[in-house]
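Novice: Take a look at the letters that make up each chain.
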Amino acid sequence: MKILIAEDESLLLKLLVDKFNRESFEVTGCQNGLDAIDLYDEVQPDIVITDLQMPFSGGYELIFHIRKTRDAQTPIIVLSSTNVEDKIVSSLELGANDFVEKPFRFNELIIRVKRLLGTSV
Amino acid sequence: MNNIPAHIQRLIFIILVIATILLIVDLVIIISILSEKISAKRNAKRRSEIREKIQQYITAWLMEEDLNIQEFMSKEIANYFSNIQLKFKLFREILYEEIFNANKVLLGDDQKKIKELYTFFGFEQKIKKEFFRYKWYKLVNATNDLLAIKALENSTMFTELLDHPNQFVRLVAIKAEISMGGDQVDILSEIHFPLSDWEMYEIISFLKRSQFKQIPNLSKLINHESITLKILGLKLANIFQELDLDMDAASFVVHPNPKVRTAIIEYLAECGGNEYLNELKRRFATEEEPVKIAILKYVSLHGTDDDVPFIFNKLKDAYPAIRVKAAETLQNMNSNSMSFLSYLESNGDKSDQKLAIHVLNKF
Numbered sequence: 211m212k213i214l215i216a217e218d219e220s221l222l223l224k225l226l227v228d229k230f231n232r233e234s235f236e237v238t239g240c241q242n243g244l245d246a247i248d249l250y251d252e253v254q255p256d257i258v259i260t261d262l263q264m265p266f267s268g269g270y271e272l273i274f275h276i277r278k279t280r281d282a283q284t285p286i287i288v289l290s291s292t293n294v295e296d297k298i299v300s301s302l303e304l305g306a307n308d309f310v311e312k313p314f315r316f317n318e319l320i321i322r323v324k325r326l327l328g329t330s331v
Numbered sequence: 046m047n048n049i050p051a052h053i054q055r056l057i058f059i060i061l062v063i064a065t066i067l068l069i070v071d072l073v074i075i076i077s078i079l080s081e082k083i084s085a086k087r088n089a090k091r092r093s094e095i096r097e098k099i100q101q102y103i104t105a106w107l108m109e110e111d112l113n114i115q116e117f118m119s120k121e122i123a124n125y126f127s128n129i130q131l132k133f134k135l136f137r138e139i140l141y142e143e144i145f146n147a148n149k150v151l152l153g154d155d156q157k158k159i160k161e162l163y164t165f166f167g168f169e170q171k172i173k174k175e176f177f178r179y180k181w182y183k184l185v186n187a188t189n190d191l192l193a194i195k196a197l198e199n200s201t202m203f204t205e206l207l208d209h210p211n212q213f214v215r216l217v218a219i220k221a222e223i224s225m226g227g228d229q230v231d232i233l234s235e236i237h238f239p240l241s242d243w244e245m246y247e248i249i250s251f252l253k254r255s256q257f258k259q260i261p262n263l264s265k266l267i268n269h270e271s272i273t274l275k276i277l278g279l280k281l282a283n284i285f286q287e288l289d290l291d292m293d294a295a296s297f298v299v300h301p302n303p304k305v306r307t308a309i310i311e312y313l314a315e316c317g318g319n320e321y322l323n324e325l326k327r328r329f330a331t332e333e334e335p336v337k338i339a340i341l342k343y344v345s346l347h348g349t350d351d352d353v354p355f356i357f358n359k360l361k362d363a364y365p366a367i368r369v370k371a372a373e374t375l376q377n378m379n380s381n382s383m384s385f386l387s388y389l390e391s392n393g394d395k396s397d398q399k400l401a402i403h404v405l406n407k408f
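The listed protein sequences correspond, in order, to chains A and X. So the first sequence is numbered by my numbering: it starts at 211 and just counts up by one. So the second sequence is numbered by my numbering: it starts at 46 and just counts up by one.
Read the hints as simulated data drawn from the structure, not as lab findings. Ideal placement from N, C-alpha and C gives every residue a C-beta, glycine not left out. Careful: at least some of the hints might be erroneous.
Unchecked claim - From chain A, some residues computed to sit far from chain X (all C-beta separations above 10 Å):
no., residue
1, 212
2, 219
3, 221
4, 224
5, 228
6, 254
7, 263
8, 265
9, 266
10, 284
11, 291
12, 309
Unchecked claim - In silico EDC-like pairs for lysine to aspartate or glutamate, Cα to Cα no more than 20 Å straight-line:
no., chain 1, residue 1, chain 2, residue 2
13, A, 229, X, 111
14, A, 312, X, 111
15, A, 229, X, 315
16, X, 149, A, 218
17, X, 149, A, 318
18, X, 120, A, 228
19, X, 149, A, 311
20, X, 90, A, 318
21, A, 229, X, 110
Just chain A, with the same shape it has in the complex (with noise of 0.2 Å):
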C-alpha cells in the first residue's frame, strides 16, 4: 500500500515515515503542500496523511486538488495541531475522511490509516 504524508515538522515527518514503513508501508513524504500536489500525481497513493498549515500551500488545498481537480475518492486523513472546530469541519466538508488532532498517539493513527483502507488492523 502506498502512502503520502504532507508535513511541514521535519522530524515528524521522520517519525511517520520511520513508523509506516515498519507497517510494510510504501512511503513518500513531503514537507509543503506544493510538493504534496506534485507527489500525489506522480506517486498515485492509496491514502494521504496531511497536516492543514504548511508552507506555500497547505492541507486544505491538498484536499480540494485531490477531490476536485482529480475528482479522486483516495482517503485523505488531516493530522493537525488545530482544535478549532471550524477547522476540522471545513476540512471534513472538503472532502478528507478523518481528523487526527495533535498531539496523538502513532498506533492510534496507525488503526485509522488501515480501517480506512479496509486492511486488517
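Chain A is fixed; fit chain X onto it per the hints.
Specialist: Below, chain X without anything else, positioned relative to chain A:
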C-alpha cells in the same frame, strides 16, 4: 610636479590619503561581510547536520520497543551522543529543541519515551536550577518547559509564588499547582491577588487542555469574597457544565459588579432554567452593554414566542453589538417556530417590516 604650488600638492596628498583610507575601510567591510556570510552558512550547515543526526536518533529511540535507554545508548546509532558532543552548547540546544518538538506532538507511551530522553540527558535537573535564579522569566520558562514535558513533581515552592507581584510568575505557579494535581487543584481558592481577564483566560484554557477529571471546588470559588475568583468560578461552572453548585444565584443576578452579573447570566443561560426570564427582561433597560448581551443569550435559550417583540425592539438599540445579538437571538428562536413571521404580520409599521426583512435575509 615641481610646478604645482605647495598648497595644491598638500591637497592632492590629503585626497590620496583619504581615498586610501576609504578603500581600506571598504575592503575591511566587504571582507567582514563575506566572512560573516561564510560563517553563517557553515553554522547553518552544521546545525542542520546535527539536527538530522538528532532526529535520526530520536526516531530510532521511539521505534525501539524492547530496550531501555541505557541499553539503547550502547547501540551504534547512539555513538554520536558521546560526552564530547553533549558538551557543545549548540548540540545541547538543538537536542533540547527536538525533544520538545517531539513532545509537542506525541501522546501516551511515545510521550513517556520522550520524557525519558529529557531526563537521561540531564535537562530536568539543569532546568530545575533555573528556579533559583534571580530573573523571573527564567523561572517562568523553566516551569513552562517542565509542565510541557510533564516532569513537574511535588514541590511546595509554587505555593509561595501564588502571591508573587509578577503576574507571569503567579500564573505559572497556578498552572504548576494545578498540574501537580490531587487536592492542589483547589489551589485556585487560595489566590489572594485579583485576577486579570488575561489570567482568567489562561487558567480556563489550561484547565480545558489538561482535561482534568476533577475540576476545582467551584462552589468554594463562586462564594469566595474575591470578585475575580467568583467570576472565574462562574465561567468554569459554565464551561464544565457544573449543575450541582451551592450558591445564591438570585443575589448574583443583582450583584453590584457587572462582570459578576454577566458571568451568572451566561451560566444560567447554559445551565439553568427559565425562572429569571421576566426579571432579566425587566432589568435589561438599565443594564450595561455586556450584561445586555448576556440577557439576550438567556432569552434566546429560555424565551418563548411571547418574547419575540421584546427581542425585536432590540434591533433598534443604540449599540451595534446589541443589535447584532438581537438579530442572532431572533434567528435562534425562530429555528423552531414561526413566531417572528406572525409578529411581522401583526405589526403594521413599515420600517419594522423593512428591518425584519433585512434580518431574515442576513441570517
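Novice: Can you confirm whether the C-alpha distance between residue 149 (chain X) and residue 311 (chain A) stays at or below 20 Å?
Specialist: Status holds; Cα separation ~12 Å.
Novice: Far enough from chain X: is every CB of that chain over 10 Å from the CB of residue 228 (chain A)?
Specialist: violated (5 Å)
Novice: Is the nearest CB of chain X more than 10 Å from the CB of residue 266 (chain A)?
Specialist: holds (20 Å)
Novice: Beyond 10 Å on every Cβ pair: is that true for residue 265 (chain A) relative to chain X?
Specialist: holds (16 Å)
Novice: Are the Cα atoms of residue 90 (chain X) and residue 318 (chain A) separated by 20 Å or less?
Specialist: With a Cα-Cα distance of about 36 Å, the restraint between residue 90 (chain X) and residue 318 (chain A) is violated, given a limit of 20 Å.
Novice: Verify this label for me: residue 219 (chain A) is non-interface relative to chain X, using a Cβ-Cβ cutoff of 10 Å.
Specialist: violated (6 Å)
Novice: Does residue 309 (chain A) really sit off the interface, with its C-beta more than 10 Å from all C-beta atoms of chain X?
Specialist: Residue 309 (chain A) is indeed farther than 10 Å from all Cβ atoms of chain X, at 15 Å.
Novice: Assess, step by step, whether the Cα of residue 229 (chain A) is no farther than 20 Å from the Cα of residue 111 (chain X), and give holds or violated.
Specialist: holds (16 Å)
Novice: According to the definition I'm using, a residue is off the interface if its beta carbon is farther than 10 Å from all beta carbons of the partner; does residue 284 (chain A) meet that for chain X?
Specialist: holds (24 Å)
Novice: Can we trust that residue 254 (chain A) is non-interface, i.e. its beta-carbon lies farther than 10 Å from all of chain X?
Specialist: With a cut-off of 10 Å, residue 254 (chain A) remains clear of chain X, as the shortest Cβ separation is near 27 Å.
Novice: Would you say residue 221 (chain A) is clear of chain X, with no C-beta pair closer than or equal to 10 Å?
Specialist: Violated, since 5 Å does not exceed 10 Å.
Novice: When you check the alpha-carbon spacing of residue 229 (chain A) and residue 110 (chain X), does it fall within 20 Å?
Specialist: holds (12 Å)
Comparing the model with each earlier hint shows violations of hints 2, 3, 4, 5, 11, 14, 15 and 20; every other hint is respected.
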